[in-house]
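Heads up: the protein sequence lines correspond to chains A and B, in order.
One point on numbering: in the working numbering, the residue at position 133 of the first sequence is 133, and numbering is uninterrupted.
One point on numbering: in the working numbering, the residue at position 76 of the second sequence is 76, and numbering is uninterrupted.
The set of hints was computed from the structure by calculation and includes no laboratory data.
None of the values given here were measured: they were computed from a predicted structure.
Note that the Cβ used here is the ideal one computed from N, Cα and C, for glycine as well.
Treat each hint with caution, since some may be false.
No more than 30 Å apart at the CA atoms, straight line, and that leaves these computed lysine-lysine pairs for DSBU-like [to be verified]: (1) K161/B x K50/A; (2) K140/B x K122/B; (3) K374/A x K350/A; (4) K322/A x K292/A; (5) K292/A x K315/A; (6) K315/A x K350/A; (7) K237/B x K50/A; (8) K50/A x K140/A; (9) K144/B x K50/A; (10) K145/B x K50/A; (11) K315/A x K374/A.
Taking CB as the label site, the calculated pair distances span [to be verified]: (12) R56/A x F149/B: 30 to 40 Å; (13) S58/A x T213/B: 44 to 54 Å; (14) H106/B x W154/A: 17 to 27 Å; (15) R56/A x V105/B: 15 to 25 Å; (16) K140/B x L296/A: 35 to 45 Å.
Take a look at the letters that make up each chain.
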Amino acid sequence: MPVQIRYLAITALMLGALGAMGADYAPDFDPDYRPVPSSDEGGLWYRVDKLEADVRNSPHRVRDTELNDYLAAMVCALAGDFCSSIRVYLIDNPHFNASMAPNGMMLVHTGLLLRVEDEAELAAVLGHEIAHFLRSHQIKQWRNLRDSAASAVWIDVGLVMFTGIYGLAQMSTVGAALSYNRDQEREADLYGLQLLAASGYDPGAAPRLWTAIAEERALDASKESRNPFFATHPTAEDRQQTLHRAALAYGDHRPDGAAGELRAMLAPHYFAFMRGHLQLQEYEQTEYLLGKHRRLGYPEGQVAFFTGELHRLRKAEGDGDKAIAAYSRALQLPDPPPDAYRELAYLKLKDNAAPEALQLFQRYLAAHPDATDKAMIDYYIESLGTQIHE
Amino acid sequence: MHKRLYTATGGARQRPSTRLSTLCALALTLLIAGCATPTHVKKVDSLKGDLSSARILLMPMDVELSILTAAGLLEPQAEWTGNAMGYMTKSLEGNFSRAGYDIRVHDNNDEDPASDLAQLRKLHEAVGLSVLTHHIGPLKLPTKKGGVFDWTLGTPAQQLKAAGAADYALFVFVRDSYSSGGRVALQIGMAILGAHVPGGQQLGFASLVDLNTGNVVWFNYLGRGTGDLRNQAAADKTVAALLDEFPGIHPAID
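Same shape as in the complex, but just chain B (with noise of 0.2 Å):
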């Protein structure tokens, strides 16, 4: 759904959301890839060393669900998107505990502007939705040659370790969506005239942060045409694909 507020002057050089087109551009890059496989898990890991009860504090989630419009608009529906928030927040510290890891939930509402963790959540979003778009993504930078995954969220996320007690930070985007009657309506009609027309998508990432160093040490995303994260059966699907391959973690997948 679009983003615009009412102004009171349509004032001519409003700066776009920047936030806005990186997911618009992401979306469109990872789910052309998303049309030819059905399913896309990719990883990136350099986690090391002993990991065995190693503290895990999750991040508080950015995830949204919404259905697909026939015209393709998405419309957010926020009473799914707080269920999926309890049933992945449960199926996440399941299937670390069963693991072995503390994992615990960061419960932080911190309003002041010059606090660092705020500002850690905010640049974690933007260095996740970076890699996705330029690791991951076709957008290759010309300074990250050879495929090195050296992104970091730097030293700052030390005080992250200390106001959460923990060695890691675990943090959750999805965005998710399905297609509304008119869409698979639309999706019926057009397959008989012959063309594709894309249904709802799941498009996600979970990355894990190393609060010594900052540095992004697992990275896995998410960007399908299936997956539901409306009940807990589901969403412990979708939360076993984004932890596909954890180390220590051995959920099934579908």
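So that you can see chain A by itself, here it is in the shape it has in the complex (with noise of 0.2 Å):
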């Protein structure tokens, strides 16, 4: 569709030049508005004000009470004067994501903490979030959508009469909700980073996100086309190439990211999150992310676990020598999650190594006597004493 990603590259650079002269975004709402029940906005809040009384008694909210307040905090500084306008909730969710409601309710995943390298990577998603909410998008795109299709159809009811063919105006809708989907995410973007830099972090961040997302999801082994006609966002690149040009206005300045503070924040919740984004089975993904644990000093002991998990269950070629190698090595340094013990005394089970597996059992029992499998390892422990002992 040449057409259609000439398009895309017009607004982005049109986009890209406004950002690059400075454009001042400004809220379209004052603090603690709230639409009048009867308009078509305060049905849209009804709406999501019974879907967030859903998620604050939902099981898949993280409830940590730090982690909530660290969030809520940079929500704060981010949106000023609309901190009381807006409620966070933490979703366990491994996907790389954020969503805002209209009525201020936003949602953080945890796949986006697995992902970003410092405090400013996680404003700059912060601050896109609030950008929505800000500007009103959720009810702007509504009645754009309502409207466009109204007159859609009277150009139906026109079209019936000459073709005999009804829904050719409707259709064209789509495309064009989705554009203007696409057009909302860059102005959120630009907004976002303006609210970024207000806050004094690096608008760099920005950008810099943008990059390692396109570089991860250019390792996705499912390889799934995005067509850009039905795309609900720019894509990973071309938000990084907007952000990097329009973080260049704001200066060239690098205040220290709080990398050390949001690694500190989420070091105990660490093996919760990754345990959940390996059942993604994104190996690919995965490797990616592990590597950027390493480097940004995770726990090492429950990285290297993990890498022995991505071998394990991923079983390609060559894999169930590297798991080995990458248990054994978690083994070695300090604090092992206890499961690392049991899943090398599986895997040396596998190969016959009858003495290791009954040492690792045995220790996997004594870093964790009140496994909900010690029943089953009790047994594996009684057949192998047997066994090596006759």
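Given two chains presented individually in distinct reference frames, assemble the corresponding complex, making use of the accompanying hints.
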């Protein structure tokens, strides 16, 4: 679709230029705004208020107070006067995402926390979400869709008389709505950048994050093709380029990204979050993330353990040996997860290394006396003991 | 109206909302029937024994009124919805107390995700929508042969019995839409051209759960192109249709 690509490129250029000129975005409404219940916006808020009630008591929420307070404080710093209008919920979901509802409900996925290198990169995404909120993007999108679809219906009524085919004009509104959506994403990127810079974060963090996301997505083995006409968001590459140009306009300052604080905050949750990530079975991306985590200084024993998990689960050629090597390395490091003993024990069992397996199973139970699979492990220990002594 | 939130990333593999897609499928299957017959009420009833002075707990209703736009999009109406719930509560209380039942409104805002009460509300919605889709709707389940109605919330429902001091819980779910001016104009325009364009629809169900067993003992649904919930008199009629043939209740149906 060359026309579409050209259109995207032109829009990107225009918005990039706008950013470079230092476009100044302002909120659409005052703090603590609530639409009147009889309005279309009131209806939209009613809908998401109900959704928020579900989110509030969802078992998928990560309820750790320290982590939630940390995110809320960041949102407050970025949103300024609108701090009290936004509520952040951390959701246990390994995908890279965050979202904003028109009533001020913000959802942050744990998969986002696993990917940002420092606080500034996290702030870049939070700023983007806040920008959607401050510019009332959702109600604008609804009105645009409703009104353009209504016009299309009448065009179709005319067309059906001449062509006998109904629905041609309405079909074209899908593409138009998605294009409108991508324009809003670009605005949120640039307004988000403005909030980032205003809060004293390095604006360069935004394009840096998108460079990393583009790199990670390029490794996607599923090779899902993205049709630019039907995409809700611009591509990672497109966003990286636009943000890079716009960030330059804010000058060349690189304050500390507060990487250490974020890492310290996440370290106690790293194991649980990465466990969720492994379930995605996106092993190429996992490898990329583990490389990043090793560099950032996440708990070494855990990073090595998850490297073992990656190879054990992927089962490609040579992965068995790599898994053994990674688990063994994890067990040399401080505070390895007890699971490393068990997984290595099973692999040793497969290799007919019974004495080693026995010892590892025993060390697993010593490190994790309340293991839920204790009965199973006891059985292995007993049968291996008999086998060795025969 | 779409429920999509604004996402940061356009993450390619987001799970679609299963609840939303169930609703869409449901509206389709039931409203096809709704086109043919203006009123569609169907009852499942295994209520037995002496019901006089039974204590019934009215659970928080799930109701939403919307405008059907010219292009067929639904725009939720918060004010209408709030009012409708008030009218319906009043009407339900009236009907049940006149019939001699002890009806009470359950007001519980339990936010603890581990709470059985919060989970029961969600479970009921899933069960109710499943009854509509698989028992009443055309998508029959191979595991439920011969039309046996044995849907249940299970024994955790007993916790609701203790918390609400009741024998039964009544759940109500309604989606009610009204044609916009543009939609009406389109209906007329297309009718002149010889085509039918559906207008607003009323879709809902009420179900009674025995809090001793968790079994759904009474179930009634509504799927029609008429009906209104925007004033007390109209809401009374809709509630009457929802409670059609409920033991002991004899409201007039228009």
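If you check each hint against the structure, which ones fail?
9, 10, 13, 14, 16
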